[in-house]
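Peer 1: The lines below spell out each chain.
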Amino acid sequence: MYEFLTGPAAIAAFGIFFIGLIVRVIIYIRGLHWQMDRVTYTVNVSYGIKGAIRSVIAWILPFGSVGWRSKPGITLLFFIFHFGLLFTPLFLQAHNFLLKERWGFSLWTISDPTADLLTIITLVAAVFLVLRRIALAEVRILTTAYDYILLGITVAPFLTGLLAFHQVWDYHFWLMVHIISGEIMLICIPFTKLSHVVLFFCSRIQLGMDFGIKRGGMKGKGFAW
Amino acid sequence: MAEGKLCNRKTVDTKEYLNALLADKSGKQYYKEMEELDVDTDKLQATLKASLKSRLRTWLEICAHCGMCADSCFLYLANNRDPKQVPSYKIQSTLGEIVKRKGKVDNKFMRMVMDTAWSKCTCCNRCASFCPFGIDMGIMFGYLRGLCFSQGFVPWELKIGTGMHRIFQAQMDVTSEDWVDTCEWMAEEYEDDWPDLAIPVDKENADIMYTLNAREPKHYPDDIAETAVLFHLAGENWTVPSEGWDQTNLAMFAGDWGACKIQVESVYKAMNRLKPKRMVGTECGHAHRSTVIEGPYWAGIKDGKTPVESIHYVEWVAEALRTGKLKIDPSKKIKEPVTYQDSCNYIRNGGLKNISREIMSYIAEDFREMTPNREHNFCCGGGGGFNGIGRYRAQRNAGLQIKRQQILDTGAKLVISPCHNCWDAIRDMEEIFKDGIRWSFLKPLLINMVEVPEHLKPEGEL
Numbered sequence: 001m002y003e004f005l006t007g008p009a010a011i012a013a014f015g016i017f018f019i020g021l022i023v024r025v026i027i028y029i030r031g032l033h034w035q036m037d038r039v040t041y042t043v044n045v046s047y048g049i050k051g052a053i054r055s056v057i058a059w060i061l062p063f064g065s066v067g068w069r070s071k072p073g074i075t076l077l078f079f080i081f082h083f084g085l086l087f088t089p090l091f092l093q094a095h096n097f098l099l100k101e102r103w104g105f106s107l108w109t110i111s112d113p114t115a116d117l118l119t120i121i122t123l124v125a126a127v128f129l130v131l132r133r134i135a136l137a138e139v140r141i142l143t144t145a146y147d148y149i150l151l152g153i154t155v156a157p158f159l160t161g162l163l164a165f166h167q168v169w170d171y172h173f174w175l176m177v178h179i180i181s182g183e184i185m186l187i188c189i190p191f192t193k194l195s196h197v198v199l200f201f202c203s204r205i206q207l208g209m210d211f212g213i214k215r216g217g218m219k220g221k222g223f224a225w
Numbered sequence: 001m002a003e004g005k006l007c008n009r010k011t012v013d014t015k016e017y018l019n020a021l022l023a024d025k026s027g028k029q030y031y032k033e034m035e036e037l038d039v040d041t042d043k044l045q046a047t048l049k050a051s052l053k054s055r056l057r058t059w060l061e062i063c064a065h066c067g068m069c070a071d072s073c074f075l076y077l078a079n080n081r082d083p084k085q086v087p088s089y090k091i092q093s094t095l096g097e098i099v100k101r102k103g104k105v106d107n108k109f110m111r112m113v114m115d116t117a118w119s120k121c122t123c124c125n126r127c128a129s130f131c132p133f134g135i136d137m138g139i140m141f142g143y144l145r146g147l148c149f150s151q152g153f154v155p156w157e158l159k160i161g162t163g164m165h166r167i168f169q170a171q172m173d174v175t176s177e178d179w180v181d182t183c184e185w186m187a188e189e190y191e192d193d194w195p196d197l198a199i200p201v202d203k204e205n206a207d208i209m210y211t212l213n214a215r216e217p218k219h220y221p222d223d224i225a226e227t228a229v230l231f232h233l234a235g236e237n238w239t240v241p242s243e244g245w246d247q248t249n250l251a252m253f254a255g256d257w258g259a260c261k262i263q264v265e266s267v268y269k270a271m272n273r274l275k276p277k278r279m280v281g282t283e284c285g286h287a288h289r290s291t292v293i294e295g296p297y298w299a300g301i302k303d304g305k306t307p308v309e310s311i312h313y314v315e316w317v318a319e320a321l322r323t324g325k326l327k328i329d330p331s332k333k334i335k336e337p338v339t340y341q342d343s344c345n346y347i348r349n350g351g352l353k354n355i356s357r358e359i360m361s362y363i364a365e366d367f368r369e370m371t372p373n374r375e376h377n378f379c380c381g382g383g384g385g386f387n388g389i390g391r392y393r394a395q396r397n398a399g400l401q402i403k404r405q406q407i408l409d410t411g412a413k414l415v416i417s418p419c420h421n422c423w424d425a426i427r428d429m430e431e432i433f434k435d436g437i438r439w440s441f442l443k444p445l446l447i448n449m450v451e452v453p454e455h456l457k458p459e460g461e462l
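Chains as they are written, first to last, in the numbering used here: chain A, 1 to 225; chain B, 1 to 462.
Chain A extracted, bound-state conformation (with noise of 0.2 Å):
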């Protein structure tokens, strides 16, 4: 069981998160379409590309927008939650073990009581992220059951990772259900919301383009995000 699900499965997940990705980012740039649009993607490059990069950094940095530093409460919130979700997984010593073993190649590593606490810290900041859906009239309105289960389907893996790694109840059990749930996830965000992951910096760099090319970018420095 372990051995399948490390294995082909593992690439089959990697396969779909990977290939699916690619197959959304291109479905995008292919959708785009300069008169509907109304943005000359191809002409004016050089304005387009300014306003993309500034669109883009000034989005993925803490407070490096006035959107976010209006809210620094939520601020906080979303890029802890983002940053251990990213970070945890990616340099956790037994996944890196996992890829050295199966796939012949690891990256840095991070000691096991950080990725412990930050473990612990993205599903508080989930916790959070839950109560404020449900506390906010403006968010609650937007919430819909799709949000819980695509968040649910995202902390699954810490939660069960977290059990496993101190050995809750019946470790095999809680790493079969981690291995799984990562595994699902991992199939689940090209075909969901999740896609937001590469979706993200198209949506961010098209509207740059759109500030940076038409709505302004020929006239100064360009949008103050």
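Calculated directly from the structure, the hints in this document are not laboratory data. Beta carbons: idealized from backbone N, C-alpha and C, even for Gly. Any given hint might turn out to be false.
[Unchecked claim] Footprint (simulated), chain A over chain B, 3 or more residues, beta carbon under 8 Å:
1. 57–67
2. 76–85
3. 292–302
4. 371–382
Starting from the structure of chain A, add chain B where the hints point.
Peer 2: Same frame as chain A, but now just chain B:
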């Protein structure tokens, strides 16, 4: 499929139809017919298939439902933070739903969509600058208005507006003859005070071709005279076209993309005919947005630029003051506290924030910024056609409160507003709230402030 005589899916291309709409006071019959108007779901589905591209589809799909857009919307703030005014909710419950149901929606739903598209969003695009994903709900509402228009669900005044553009290539029933007559009349009227003042019509190869808002010849002809005086004082070689002179575009507010194209092409044709070095537009936000920023796309111009370089009036004023073509008499600078209304259409969506500040540095001694300002300024409360739709007057008036508070907080009683829509909104605000606020375009203020060279003064004053 049921369609009304006045309210239907047809475009207004004849004077008979236009006159019938105008005769229907306040659109009483029009809105009654709308209740019976069938939705052509096949057409709606086909339109979605042809025009809903990856940008909009992606925006609808990836919205994280985080609610960061809520506070960015002045209508949300002005309506006691009603969750139904959250931009994401407004677009998901209308366009999102139409897409989800693949166009299979009914009359009642479309009327709700129309009310949302024109009374809960002014397409100011402010929410776009607060969404982490860069989802521009203003653009989506623009698209949604196009869907509504194609199905005949459009406010009465805007249906009329599109007819005006289609028939007169102007937002009001001002013919080419009326327009040229008004120019001659204004030149005569003002020439006693300003010797040799002229409004040259159809002069080829001028440095500037001036285009304006049809309201000016129709209701405020003095604005044209003021334009002429300032160009005269600045020594500009300028002209106006006899045809293709209206820079505005109510069709953009209505979502009638066919009329948008007709309108901007009339102006581009004038550019090509008269071959000016550049075009200067009047103190109007949406006119600049439609003719200079969006227009080239409707006209299919691949570099996204107008046939000749086109600038907003504030760009010309800043240049004239910077280069000394116009000189301000220092003793006549505005002494009292004064603030500036950043128009969404040429500040947030046109990048002219610094130009406006430059002008203020030349003419005002106590300039006070609103908070927030520049590209993050709030809509005046009347943009996107909101000012002109009787059906939504109460909602428009409620929305004005945010701008009102912004102005009051500056402590200034004078608001400079080089945009017709903002100007109207602030005028109406004063009518309702009576705060003693005054509002003005730049032109009348500048005329009272500029130094008049000796040779341009009337003889009696020499």
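Peer 1: Work down the list of hints and note, for each, if the structure agrees.
Peer 2: Hints, one by one, checked against the model:
1. Evaluation of the coverage hint for the region 57–67 of chain B: fulfilled, as 10 residues show C-beta separations to chain A shorter than 8 Å, against a requirement of three.
2. Proximity of the region 76–85 of chain B to chain A, defined as three or more residues with a beta carbon under 8 Å from a beta carbon of that chain, is established by the 4 residues found.
3. Three residues within the 8 Å Cβ limit are the bar, and the region 292–302 of chain B against chain A gives 5, so the coverage statement holds.
4. Here's how the region 371–382 of chain B fares: 3 of its residues keep a CB closer than 8 Å to some CB of chain A, so the rule of at least three is met and the hint holds.
The structure fails none of the hints (numbered hints given earlier).
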